[in-house]
Amino acid sequence: MSTITAKNPAHKMKISTGRKKIGPGQIILLLCVLLFTVFCFAPVLLVFISAFTDEMWINQNGFSFLPGKWSMDGMNSVLRYGSQLLTSYGITILITVVGTFGGLLVMSMYAYSISRPHFKLARFLSIFLLIPMLFNGGQLAGYVVFTSWYGLKDSLLLLILPLMVTTMNVIILRTYIANSIPGELMEAATIDGAGDYRTFFQITLPLLKPSLAAVGFMMATAYWNDWQNALIYITTNSKKPLQLLLINIQKSIEFLLNNNNVPAAARAAMGDTIPQYSSTMATVIVVIGPIMVIYPFFQKYFIKGLTVGSVKG
Amino acid sequence: MKDFFSNTWKHRAHVVMALPAFLILLFIMYVPMSGLIMAFKNFDYSKGIFGSDWVGLGNFEFLIKSKDTFLSMTRNTVLYYLLFTVVGTVLNVTIAICIDQLAFKKMGKTMQTLMIIPVFISYAAVQFIVFAFIDSRTGLINHLLGTRTRFYSSAGYWPWILLIVKIWKDTGYGSVLYMSVLAGIDTALYEAADIDGANKWQQIRHITIPSLIPMITVMLLLSVGNVMRSDTGLFYQVTRNNGALYSTTQVIDSYVLNQILHSSNFGYTAAASFFQSVVGLLLMLLANFTVRRIEPEGALF
Numbered sequence: 001m002s003t004i005t006a007k008n009p010a011h012k013m014k015i016s017t018g019r020k021k022i023g024p025g026q027i028i029l030l031l032c033v034l035l036f037t038v039f040c041f042a043p044v045l046l047v048f049i050s051a052f053t054d055e056m057w058i059n060q061n062g063f064s065f066l067p068g069k070w071s072m073d074g075m076n077s078v079l080r081y082g083s084q085l086l087t088s089y090g091i092t093i094l095i096t097v098v099g100t101f102g103g104l105l106v107m108s109m110y111a112y113s114i115s116r117p118h119f120k121l122a123r124f125l126s127i128f129l130l131i132p133m134l135f136n137g138g139q140l141a142g143y144v145v146f147t148s149w150y151g152l153k154d155s156l157l158l159l160i161l162p163l164m165v166t167t168m169n170v171i172i173l174r175t176y177i178a179n180s181i182p183g184e185l186m187e188a189a190t191i192d193g194a195g196d197y198r199t200f201f202q203i204t205l206p207l208l209k210p211s212l213a214a215v216g217f218m219m220a221t222a223y224w225n226d227w228q229n230a231l232i233y234i235t236t237n238s239k240k241p242l243q244l245l246l247i248n249i250q251k252s253i254e255f256l257l258n259n260n261n262v263p264a265a266a267r268a269a270m271g272d273t274i275p276q277y278s279s280t281m282a283t284v285i286v287v288i289g290p291i292m293v294i295y296p297f298f299q300k301y302f303i304k305g306l307t308v309g310s311v312k313g
Numbered sequence: 314m315k316d317f318f319s320n321t322w323k324h325r326a327h328v329v330m331a332l333p334a335f336l337i338l339l340f341i342m343y344v345p346m347s348g349l350i351m352a353f354k355n356f357d358y359s360k361g362i363f364g365s366d367w368v369g370l371g372n373f374e375f376l377i378k379s380k381d382t383f384l385s386m387t388r389n390t391v392l393y394y395l396l397f398t399v400v401g402t403v404l405n406v407t408i409a410i411c412i413d414q415l416a417f418k419k420m421g422k423t424m425q426t427l428m429i430i431p432v433f434i435s436y437a438a439v440q441f442i443v444f445a446f447i448d449s450r451t452g453l454i455n456h457l458l459g460t461r462t463r464f465y466s467s468a469g470y471w472p473w474i475l476l477i478v479k480i481w482k483d484t485g486y487g488s489v490l491y492m493s494v495l496a497g498i499d500t501a502l503y504e505a506a507d508i509d510g511a512n513k514w515q516q517i518r519h520i521t522i523p524s525l526i527p528m529i530t531v532m533l534l535l536s537v538g539n540v541m542r543s544d545t546g547l548f549y550q551v552t553r554n555n556g557a558l559y560s561t562t563q564v565i566d567s568y569v570l571n572q573i574l575h576s577s578n579f580g581y582t583a584a585a586s587f588f589q590s591v592v593g594l595l596l597m598l599l600a601n602f603t604v605r606r607i608e609p610e611g612a613l614f
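Chains L and X supply the protein sequences, listed in that same order.
The letter at position 105 of the first sequence is residue 105 when you use the working numbering, and the numbering goes up by one with no holes.
The letter at position 106 of the second sequence is residue 419 when you use the working numbering, and the numbering goes up by one with no holes.
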């Protein structure tokens, strides 16, 4: 498969000629796409609306896009998680930043190495990279090896390392180096006396930026959204990321609902209802908010990155 | 051989640069592969993987005997894979073609942006959204229909619920890849077809779809190795890991996760895991072999 250039001048011409003939077909097409967009976006909108709906109102009338009573209580009750929320935010930001930047660095160095034409070990390293995509030990083997052999329990390393290097991401970076950065540039640097490290850090890495932005954004969302490793490995409150906090909130609601032995005082404190509607939605906003805010800025990069990476490895 | 070593020494900087990622792959991906031998052992956590006693194929016998659990979770895994892959691919391609054909380019871009958003919401959060729609008392759907359907205890509804959630979450993002291929089609082809009197449908059938085939092949091929693996969050979080729904929602991955969290049945679980890994490998090799014979360009290796 050949590389696809996203910015094709011929394609732009098609847009300008297409403008002239907007028939009924186009209107129907627009309505169909619009319908699907509503299907995708409405649930997200519901989160925002419910978070600002009165808790009692939802309890009586159910979730609604047009609630009868608005309220800030949901948002205020998020503050009840107080320091735990801040801690979890800190942990999530820490693993996302360390994991993403660390991963980008080690993966682009690996990608650079295996794309060097005269480096004979590159063939072995490419195969070494490919095998995990075909075969792996699975969750259970990973769990036993990490906890018993490496002695890692309740460790943030278990949230960072497993997502740090993925075959697909290295392939995307390697393809970008091979196709979009002229080899002559790197050769010229070597002739001018730059060592391998300097060539990589001063020539290749800066030119790799678009691809790094794409891969980096995808990695960051993977770290931000990772709940599974946290659920399996993390037990201490001070190390719980946001996703695990969400899971814990759901579990404690379930516990309260299924348990009639909850002290009356505790029930009264919650206004006789278990805060499970607007307040959980408010928490969801707090958890997904940052990605929603950052995403539009990265959209063009990851679309481009996906495109460039879509060449076989 | 000597040549090889001197070449490697000459390029030792590359070796050093490849080393960190190499070590991570080694310790995170390769070493756990040895954990697969647990499938042939009566695993005892205190004795470790190598110290535990061998039981030969005992775990597998147990697996086959416990028909209900194993068969139902394998069946669910495979059927959901087929359902999601077929529906997903058709929808991804359809949406990509629709947006590409749209004359309102600006609106198309905006709608695409909105469609992609769900992919960035974690399943831990998605399950709250699903709850808002299907809860028996406060759920939006029951409210609109005026019913009190207890979705969380009726297993029969779940293949549909999960399919809808999956479509909602992944279609926008899945179509991006195909859109980028469409953007690369030489417009001269369409113009020539126009002059030859081909209408829109004929153009889509004979130009657009054929040019998407290589990408579809690669995507399917990449997914075949994951037949036995599932989107764990979908089956564990969205169903709230509800035991009453297991008959239609338990897949191998969510079963294994449950066993890990309860620290139980490791030997048996390891056998299921082993089965999962080996079947995945075989299917991947088979798919690649097939594609290489039909269309060498699309093969992965």
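Hints are supplied without guarantee of correctness; some may be wrong.
Unchecked claim - For lysine-lysine, the following DSS-like pairs were computed, each having C-alpha atoms within a straight-line distance of at most 25 Å:
#: 1; chain 1: L; residue 1: 300; chain 2: X; residue 2: 422
#: 2; chain 1: X; residue 1: 513; chain 2: X; residue 2: 419
#: 3; chain 1: L; residue 1: 300; chain 2: X; residue 2: 513
Bear in mind the hints are in silico, worked out from the structure with no lab data behind them.
Hint check against the structure, violated hint numbers in rising order = Going through the list in order, the structure violates hint 3 alone and respects the others.
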